[in-house]
Amino acid sequence: MRISLGWLNDFFPTDGLSAANIADRLTASGIEATPIGTLIPGDSLVIGEVLTCEKHPNADRLSVCGVTTGGAPMTIVCGAPNVAAGQKVVIAPVGTELANGMRIKRAAIRGVTSEGMICAEDEIGLGDDHEGIMVLPPDAPTGMSFLKYLHLDSERLELELTPNRPDAMSHRGVARDLCALFGRPTTNPITSPEENGRPVEEITSVLIDDPEGCPRYVARVVEGVRIAPSPEWLAGRLRQVGVRPINNVVDVTNYVLMAIGHPLHAFDLHRLAGRRIVVRAAERDERFTTLDGTERIIPEGSVFICDGERPVALGGIMGGLNSEITDDTTDVLLEAAYFTPTRIRRTAKAVGLQTEASQRFERGADWDAVIEAIDWAAALIQQLAGGSVAKGRIDAYPKRLEPAAITLRWAQIPRVLGADVPREESKRILTALGIPVRAETSEGLRCEQPSWRPDLTREIDLVEEIARIWGFDQIPSRVGGVGVPPEEAPPELAIVPQLRSWCIGVGLQEVITSSLVAPRYADLFCGDGAKVEITNFSTADMSVLRTHMLPSLLDVARINYSRKIEGVALFELGHVYSRKAEDEYNQRRVLSILLTGSTGQVRWADQRREWDFYDLSGIAETIVQRCSLRSPEIVHYDGDEFVPGTGARVLVAGKEVGQLGQVRNDVCELFDLPALAYYCQFDVIGLAACQATLSRVKPLPRFPAVERDLALVVPESVESQMLENTIKEAGGALLERVIVFDVYRGPGVSKGEKSVAFHLDFRAADRTLKDEEVDTFMRRIVESAQGKAGARLRE
Amino acid sequence: MTAELLDELDRIAAQAPARIDACASPEEVEALRVEYVGTKGSITRINKLLREVPADQRPGLGKRVGEVRSLVLQKLQEAGQKFQVEEGARRQKIDITLPGRTFLLGRRHPLTIALDRITSIFSDMGFTVADGPEIESEYYNFEALNMPPDHPARDMTDTYYVTPRWPLRSQTSPVQVREMEKRRPPVRIIVPGKVYRNEDVSARAMNQFFQVEGLYVDRNVTFADLKGTLETFCKRFFDPKTRVRFRPSYFPFTEPSTEVDVSCILCNGSGCRVCKYAGWLEILGAGMVDPNVFGFVDYDPEEYTGFAFGMGIDRTTMMRYGVDDIRHFWENDMRFLSQFE
Ligand SMILES: [Zn+2]
Numbered sequence: 001m002r003i004s005l006g007w008l009n010d011f012f013p014t015d016g017l018s019a020a021n022i023a024d025r026l027t028a029s030g031i032e033a034t035p036i037g038t039l040i041p042g043d044s045l046v047i048g049e050v051l052t053c054e055k056h057p058n059a060d061r062l063s064v065c066g067v068t069t070g071g072a073p074m075t076i077v078c079g080a081p082n083v084a085a086g087q088k089v090v091i092a093p094v095g096t097e098l099a100n101g102m103r104i105k106r107a108a109i110r111g112v113t114s115e116g117m118i119c120a121e122d123e124i125g126l127g128d129d130h131e132g133i134m135v136l137p138p139d140a141p142t143g144m145s146f147l148k149y150l151h152l153d154s155e156r157l158e159l160e161l162t163p164n165r166p167d168a169m170s171h172r173g174v175a176r177d178l179c180a181l182f183g184r185p186t187t188n189p190i191t192s193p194e195e196n197g198r199p200v201e202e203i204t205s206v207l208i209d210d211p212e213g214c215p216r217y218v219a220r221v222v223e224g225v226r227i228a229p230s231p232e233w234l235a236g237r238l239r240q241v242g243v244r245p246i247n248n249v250v251d252v253t254n255y256v257l258m259a260i261g262h263p264l265h266a267f268d269l270h271r272l273a274g275r276r277i278v279v280r281a282a283e284r285d286e287r288f289t290t291l292d293g294t295e296r297i298i299p300e301g302s303v304f305i306c307d308g309e310r311p312v313a314l315g316g317i318m319g320g321l322n323s324e325i326t327d328d329t330t331d332v333l334l335e336a337a338y339f340t341p342t343r344i345r346r347t348a349k350a351v352g353l354q355t356e357a358s359q360r361f362e363r364g365a366d367w368d369a370v371i372e373a374i375d376w377a378a379a380l381i382q383q384l385a386g387g388s389v390a391k392g393r394i395d396a397y398p399k400r401l402e403p404a405a406i407t408l409r410w411a412q413i414p415r416v417l418g419a420d421v422p423r424e425e426s427k428r429i430l431t432a433l434g435i436p437v438r439a440e441t442s443e444g445l446r447c448e449q450p451s452w453r454p455d456l457t458r459e460i461d462l463v464e465e466i467a468r469i470w471g472f473d474q475i476p477s478r479v480g481g482v483g484v485p486p487e488e489a490p491p492e493l494a495i496v497p498q499l500r501s502w503c504i505g506v507g508l509q510e511v512i513t514s515s516l517v518a519p520r521y522a523d524l525f526c527g528d529g530a531k532v533e534i535t536n537f538s539t540a541d542m543s544v545l546r547t548h549m550l551p552s553l554l555d556v557a558r559i560n561y562s563r564k565i566e567g568v569a570l571f572e573l574g575h576v577y578s579r580k581a582e583d584e585y586n587q588r589r590v591l592s593i594l595l596t597g598s599t600g601q602v603r604w605a606d607q608r609r610e611w612d613f614y615d616l617s618g619i620a621e622t623i624v625q626r627c628s629l630r631s632p633e634i635v636h637y638d639g640d641e642f643v644p645g646t647g648a649r650v651l652v653a654g655k656e657v658g659q660l661g662q663v664r665n666d667v668c669e670l671f672d673l674p675a676l677a678y679y680c681q682f683d684v685i686g687l688a689a690c691q692a693t694l695s696r697v698k699p700l701p702r703f704p705a706v707e708r709d710l711a712l713v714v715p716e717s718v719e720s721q722m723l724e725n726t727i728k729e730a731g732g733a734l735l736e737r738v739i740v741f742d743v744y745r746g747p748g749v750s751k752g753e754k755s756v757a758f759h760l761d762f763r764a765a766d767r768t769l770k771d772e773e774v775d776t777f778m779r780r781i782v783e784s785a786q787g788k789a790g791a792r793l794r795e
Numbered sequence: 001m002t003a004e005l006l007d008e009l010d011r012i013a014a015q016a017p018a019r020i021d022a023c024a025s026p027e028e029v030e031a032l033r034v035e036y037v038g039t040k041g042s043i044t045r046i047n048k049l050l051r052e053v054p055a056d057q058r059p060g061l062g063k064r065v066g067e068v069r070s071l072v073l074q075k076l077q078e079a080g081q082k083f084q085v086e087e088g089a090r091r092q093k094i095d096i097t098l099p100g101r102t103f104l105l106g107r108r109h110p111l112t113i114a115l116d117r118i119t120s121i122f123s124d125m126g127f128t129v130a131d132g133p134e135i136e137s138e139y140y141n142f143e144a145l146n147m148p149p150d151h152p153a154r155d156m157t158d159t160y161y162v163t164p165r166w167p168l169r170s171q172t173s174p175v176q177v178r179e180m181e182k183r184r185p186p187v188r189i190i191v192p193g194k195v196y197r198n199e200d201v202s203a204r205a206m207n208q209f210f211q212v213e214g215l216y217v218d219r220n221v222t223f224a225d226l227k228g229t230l231e232t233f234c235k236r237f238f239d240p241k242t243r244v245r246f247r248p249s250y251f252p253f254t255e256p257s258t259e260v261d262v263s264c265i266l267c268n269g270s271g272c273r274v275c276k277y278a279g280w281l282e283i284l285g286a287g288m289v290d291p292n293v294f295g296f297v298d299y300d301p302e303e304y305t306g307f308a309f310g311m312g313i314d315r316t317t318m319m320r321y322g323v324d325d326i327r328h329f330w331e332n333d334m335r336f337l338s339q340f341e
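First to last, the protein sequences are chains A and B. Numbers 1 to 795, taken from the working numbering, label the letters of the first sequence in order. Numbers 1 to 341, taken from the working numbering, label the letters of the second sequence in order.
Treat the hints with care, as some may be off.
[As the list claims (entries may be wrong)] A few chain A residues that face chain B, going by a derived Cβ cut-off under 7 Å, partial list only: (1) 342; (2) 468; (3) 507.
It is worth saying that the hints were derived from the structure and are not from the lab. For glycine and all other residues, C-beta sits at the position ideal for the given N, C-alpha and C.
If we strip away everything but chain A, and leave its shape as in the complex, we get (with noise of 0.2 Å):
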């Protein structure tokens, strides 16, 4: 919302003090204000007079204009076709710089010197009209500022409002707050009419059907005004808040509006059947077509302007077409109301409309305001369009707003703040913010709440008020108030920032991804359960919320790929999400791991080779044993991620906390991957069950180990991990580490079977082992192997 200095000047005594002394106070006690300059720029435009005009000697379509704007006659070559002596004109002298960042220079146009230029609208950014030059009315002063003459002079301030404060949005509004602020006391500019028509009651009267919704309408009425458009000081200072002017009733509304922040209506009181009022509620589906041309379903429970026979206005938000003032006017009929917020906002919302009434009436209106409001406003009618003002107003007022009455104790204000603000000042805040103190006790004060201030209930809303203009740097700092954490971060927590510095160490690049995804992503793989929709989704591609992390990654891939970036490892710590049952949603945090394509060891000395299963399942098994001090169990699992055969389980201890495997085909072509990809992913309350630390520390051996390497050949169908799980358990408790060091196919094997050869390491606590104990061992593990596996001794 934008303000003008000038206007503010009305309310609050702006001497000596720049817009930017202003906007600084405001912003510093909760209105952010920030200075916006005039209007429309301009200093030197000045008004001039056409002394003489003459056909331009070497072009047709130009003249030559002698023009004085009060000192000696200049000569200037004007286009304007409607340029003419005589006329009153807006001169921009050499020097001035117009609204389209044009400068004025001196020129010679075909052989004539042009001292300046004559101006149309368009080029003092006034309007759009360019058909020829602004013409001004015989009476404007010549050698007057035009921006002067048009009130539009003035510094204006545009200021961001919180939605607590919609007494903010007037002029009058945000002087209270310079006053507390300043300490000057406000002005006031609001004058009443002049009643000398005929008792009001004669001429119409006011029914509220829905005190609920409009528990205060207050009418006046002003008869046989004529209209025409206002005089350049109201229409200035609306344009300068952005207010386009129309004709002088309906600016008047507008004005007082502006000024004091009190939405009126004025209706055509000839207009309306019955020349009465009835504030009703909707029924469904009602339409009603308002001032803007629109005709609009209203919602059930609006409230309705009616008069005798039909609705006029929709209430608190826009008038109606049927019922507004025309230039053939003559009977006026002024609505002043108070309206429930809560029923404005809903309407607004539904039919989609914000006008400067509804964003003042749904946030919260003045309520003993509409008597200034429509005083001021027959005054003005009056003073501008003539006419007689009815004698008296009609106030219904059938269900009486009660102010909140507010206790403030002293002792609050240092228990919020850490500061004692001075009793004294704390008291002239409240007062000089027009807030009443009833009385006054050594506990403190018994305040009231002014009509304009819905955000003013409680005594923490005071406490608030005198912070916020004694200022918050006024409240000292405080540190070392905080101590110690009270409690540790639960392990799913925990375990985040370990997780994510274990990734990194085995040369992940972390990703963040969007939750949400399309459809067609989310319905890819078997979630924990029902897909989660958007139901107001901006777009389709952004409208579930994903069910598995491996589409987001592969989407990341893609577009690296895309750009010529063969080859990711990325991991991303996040949620999927599904539906349980009614209002019962899951959000699970998942690890999830991508390889695809080239290592990226693409050195003269590296091994340049693409991700493969193994790089995937060696960092599980790092990630595992980093977080349980153990290794993982694989088992097979068939995922409808995976490629048949390469799925598996990853469990500690027997309990599932991730799967793995090679990305299906079909879903890496989805994704345009030219390379395949494998996939891992950890439910992290899963690692965060199974996270060990280590209690004590095993004393170093003190004797030497005995090496064995021992080959099997088996089956091919035999796998690894069962080997080394019979190799363990046949080697006793002295077998101290079993290593795969070779697996082999080829001469010397036949087909259909492997050699798998084993690295082993004995050692005994207490002693150094002697051969011919661990030749039994193995003799019983080369047993074992056969027996289990149909292994043999490699020769």
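Based on the hints, put chain B with the ligand in the right spot on chain A.
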């Protein structure tokens, strides 16, 4: 035995200097070094035998071993220096400038880097990490945060819904309420997490982003603590010279409420394009927990006070590194991500 060893030492002392001087190459010097003082060298061997001689003879012999050893070492060093000029001949032929083998260390995402820093600063100040659901009930996302239905503050954000009663959380603040329900004061939590806004995705806006929410409730927590805590945070997160400004504002769940601005991290307050020539950047919203919110979690507002704060990290991270398009964070182009530490 002592006499024999002394004789041997004398012999070494007599012969070694001449032999060392006679060396014609560094290799020969090295050979003599091994012969005399290497791990199996003669002097080393004698030294080891010390413990086998009678105790009364040990000091004398030990002293003599030391003398001879010093003498030999000195001569070896002199001889070594003589050959140093010729050392070029001993250099290994290796191109030490050829790049080494690729050793891949991964990296954190830039948003994680920011989240981790913020979290760790607040952890140092005694805050514990907490977490909550992103599909949130209307009750926690709005009502219990003092935003009843039809409250104008609900317009402050555009919210996604999965059903009319279940929004995607538009802020991390619901976790405040959930945590307070779980325990009695003191509550001191920090909540990093993802939030959602129904916005069209563009260079300047994303429909999801990361926020960090903080809450401290106890007896005697005041606005002064809020100021002190957030000033400390800003100075540590940005720069010790950063200036911090508290500006009254409005949030439905805090009162008094404040916006926290820091002096622009790029122009240091003198005004630039990023701070729109204001010299200040708005980075945090905060305030004293509204007594109504305490009402929802059954804390007595006469006994407890508290402060809460929240900050978005995406924009701050963009400003800090000059990222001109917020979508870079979500696309994960490796050439972008690999620039961060
Ligand atoms: Zn700056």
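Chain B contact restraint for residue 507/A - C-beta distance below 7 Å: 3 Å, holds
Hold the hint about residue 342/A up to the distance rule: shortest CB distance to chain B must be less than 7 Å. Interface hint status for residue 342/A: holds (4 Å vs cutoff 7 Å).
Would you settle whether the hint for residue 468/A is holds or violated, based on the nearest Cβ-Cβ distance to chain B being less than 7 Å? 4 Å, holds
In the structure shown, no violation is registered for any of the earlier numbered hints.
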